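With the hints as constraints, model all of the structure from the sequences given.
Protein sequence lines, in the order shown, are assigned to chains A and B.
When we follow this note's numbering, the leftmost residue of the first sequence carries the number 1, and every step to the right adds one.
When we follow this note's numbering, the leftmost residue of the second sequence carries the number 1, and every step to the right adds one.
Keep in mind that a hint or two might mislead.
Just the calculated beta-carbon pair ranges, DEER-fashion [unchecked claim]:
hint, chain 1, residue 1, chain 2, residue 2, range
1, A, D56, B, D88, 23 to 31 Å
2, A, P107, B, I503, 51 to 59 Å
3, B, W34, A, L68, 55 to 63 Å
Quick caveat, the hints were computed from the structure, so don't treat them as lab data.
Remember, it's a predicted structure, so these values are computed and weren't measured experimentally.
Glycine residues also receive a C-beta, built at the ideal position from the N, C-alpha and C atoms.
These are the residues of each chain, in order.
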Amino acid sequence: MAGRIPKTREPNSQLTGGSLRTMLLLVGLIALLGMIYLGQNGQATMAGHRAQDLKDQYDRIQRENAQLELEIAQLMLPARVADRAKALGFHPATITQTVFMVVKNYPVESKPVVARPAAPAPGSLSQPSLWDNLLALVGLAPTTNTAEATGP
Amino acid sequence: MSAQVLSRAPIRMRAALMVIFAIGLVLAARLFYWQIVRWDEIRQRADKEQSVDTPIDARRGSILTSDGLLLAQDSFLYTVTVDPRQIDKPQDLARQLAPLLGQSADALLARFKTETPPITLTKAAPATAGEAMADIHKQSGMNGLVVTSRRVRVYPGGTFAAHVVGFVNSQNAPANGIESFMSTDLRGVDGNLSGASDALREVIPFDPPTNKPAIDGADIYLTIDAAMQRIAEVELANAIRDSRAASGSIVVLDPKTGAILALANWPVADLNAYGEPGNLQRLLDPAVSSQYEPGSVFKIITVAAALDAGTVSPGTVFDDSGSIYVGGSLIKNHNDLAPGRVDLTGVLRLSLNVEATKMSVGLGAQRFYQYVRNFGFGARTRVELADEAAGQVKSVGDGRWREADLATNSFGQGISVTPLQMTAAVAAVANRGILMRPYIVKQIRYSNGSVFNTTPEVVRTVIRPETAQTLTRVLGDAVIGESSNKATVPGYRIAGKTGTASIPIPGGYDPVGTIASFIGYLPADDPHFVILVKLDKPQTSEWGSQVASPVFAAVAKQLVALIGLPPDTQRLASR
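Dropping the structure here:
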């Protein structure tokens with residue numbers, strides 16, 4: 001093996017164009033993923049804060065609503081209503097002051113009475129047709145039906 | 001490194017490797033100890049420090065009358081404290097807080113200067129003012145202003161229907177009435193919010209928290225009608241004042257369904273002030289939890305039993321000599337009355353103890369007590385109110401019963417009932433002999449939207465419809481025939497009975513005090529209301545006919561006007 005110069009490996013000091021592109025692509029991809037991740041995190045956090053704000057707002061409105069309901073209840077108390085009515089000059093109606101109207105055979109719990117349109121009497125309610133009017137103009141009008149309408 | 005290579009290595013290197021290996025072994029052992037052996041404990045400590053678990057209180061359901069009047073509801077009260085030393089511009093803060101606290105800014109500033117911090121400005125600010133002050137704190141970021149809130153139970157009616165509603169105390173424990181009996185439905189289920197926490201021990205919104213939402217309690221609508229309740233309360237207060245009675249109750253029941261339309265007791269107290277001296281006692285509901293000897297109103301039950309069993313009839317003529325011996329005890333009519341020959345109407349009109357005794361003796365103990373128990377005495381009615389008493393009915397052979405009890409029980413002495421039991425029993429007569437379970441919860445509205453409606457419940461048929469009809473007629477005639485009875489309602493036929501009961505005391509009966517009562521229903525042919533009026537120890541008169549009957553009439557007149565029930569003549573003419 002004498003005289004043979006061993007072949008030494010040269011350090012790969014320069015990256016080839018393809019490797020560089022691959023590396024840059026990888027870095028870009030990692031950066032992009034990072035940005036997406038951070039962006040989503042940020043959005044999720046913002047949404048979380050927004051949801052919490054809305055929850056707080058909802059709770060607040062509920063609390064205020066409960067207070068208003070209590071105030072309404074106090075205003076609607078029979079004692080207060082009676083006092084107010086008395087101050088305005090009203091007094092409870094007694095049964096002797098109440099006038100009842102007796103309706104004999106009143107259809108209690110029957111189906112609602114629906115007014116039916118009255119059946120027109122033959123000839124009495126119909127409007128004259130154009131042909132009748134033309135005939136009337138030339139003196140050939142049909143005989144007018146003067147019979148009174150009678151109920152069914 | 002192979003064993004061969006290691007064996008050729010210098011001894012120092014081998015020693016070093018052994019040391020490194022030993023250290024590694026120790027580290028692995030420690031790691032095993034912390035990560036495996038004490039894993040649970042360490043994990044729990046970490047969770048405790050890094051996460052927060054906040055309870056979410058369920059809203060306690062509201063209580064309302066049948067017509068929607070709010071009787072009980074959860075609300076929030078705010079406490080506001082100020083430390084002026086940590087406030088940059090106290091004048092500005094005083095100006096902002098003044099209108100919310102209903103005080104002048106100058107007064108607030110004076111307090112800032114004179115009082116020792118922290119100064120509590122209010123402990124009971126309502127939600128609108130409290131939230132506005134919380135906003136001031138949030139916007140200004142002042143550390144010297146602290147606004148906190150707490151959930152409280154509020155009763156807007158105060159004393160209105162207080163015995164029915166009950167209350168929840170500061171330890172969140174319910175007491176009395178609906179609050180206690182329906183607490184399971186009212187209280188709901190608390191939730192919680194768990195998640196990673198920040199330095200302020202608040203849940204980080206980013207980390208999805210485990211949220212177990214609270215399930216709010218159900219809203220409960222009662223059968224109580226606000227206007228009828230008001231009538232009962234006003235008339236009871238008037239009766240207590242006029243008769244100078246120690247206490248009293250009025251119960252109004254719909255006999256066809258058993259729905260309690262009004263239930264009033266005196267004395268009463270404001271539910272919002274349950275903690276004040278004496279109020280706990282005043283808020284117990286005697287209409288369901290107190291027992292009393294009903295006296296002559298119980299003759300309705302005795303006569304019903306005798307009529308139903310056929311031992312007497314409307315045509316029976318009684319010969320009353322004024323006294324009778326039963327089991328060695330002398331039974332007499334009140335005022336030593338000895339009317340001679342009377343019919344059944346006369347027995348009720350004159351309220352003859354001797355004839356009631358003859359009826360119960362004629363029935364026999366077994367049959368008489370069977371009727372009494374069938375009418376619901378001696379057992380709880382199962383109304384939805386807390387602390388209901390069962391009453392006391394002796395039984396043959398129970399060791400306490402004596403033969404004389406058969407006599408005294410027939411006219412309502414020696415037997416204990418609750419006002420609600422008595423009302424429900426007479427309602428059975430009004431309802432053609434059918435006993436209905438009295439109920440006060442009309443509807444339950446759950447937070448998930450489902451609704452439960454109470455269906456009227458038949459307990460049993462206690463007497464035949466014909467018996468009920470006959471008894472109603474006799475009771476109506478007796479009311480009309482008793483000139484001193486003030487229970488009449490012009491235009492309406494009523495059926496009813498007075499009662500004047502002695503009050504048991506240790507060793508006998510109170511020689512002075514009585515329980516005066518009247519129970520009746522109207523209109524007699526188609527009853528809409530059964531009304532019990534009970535006054536304890538009235539001072540102006542001891543008789544039910546004198547002090548309780550007028551109250552019945554006053555309540556009944558207003559009730560028929562309220563619902564627009566025409567007088568009998570007009571109502572029957574329209575049929």
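Does the Cβ distance between W34 of chain B and L68 of chain A fall inside 55 to 63 Å?
With a Cβ separation near 57 Å, W34 of chain B and L68 of chain A satisfy 55 to 63 Å, so the hint holds.
Is it true that the C-beta distance of P107 of chain A to I503 of chain B lies inside 51 to 59 Å, as the hint says?
holds (54 Å)
Regarding D56 of chain A and D88 of chain B, is the given constraint of 23 to 31 Å on their beta-carbon distance met?
Since D56 of chain A and D88 of chain B have Cβ atoms about 26 Å apart, the given range 23 to 31 Å holds.
Consistency with the previously given hints is maintained throughout, with no hint failing.
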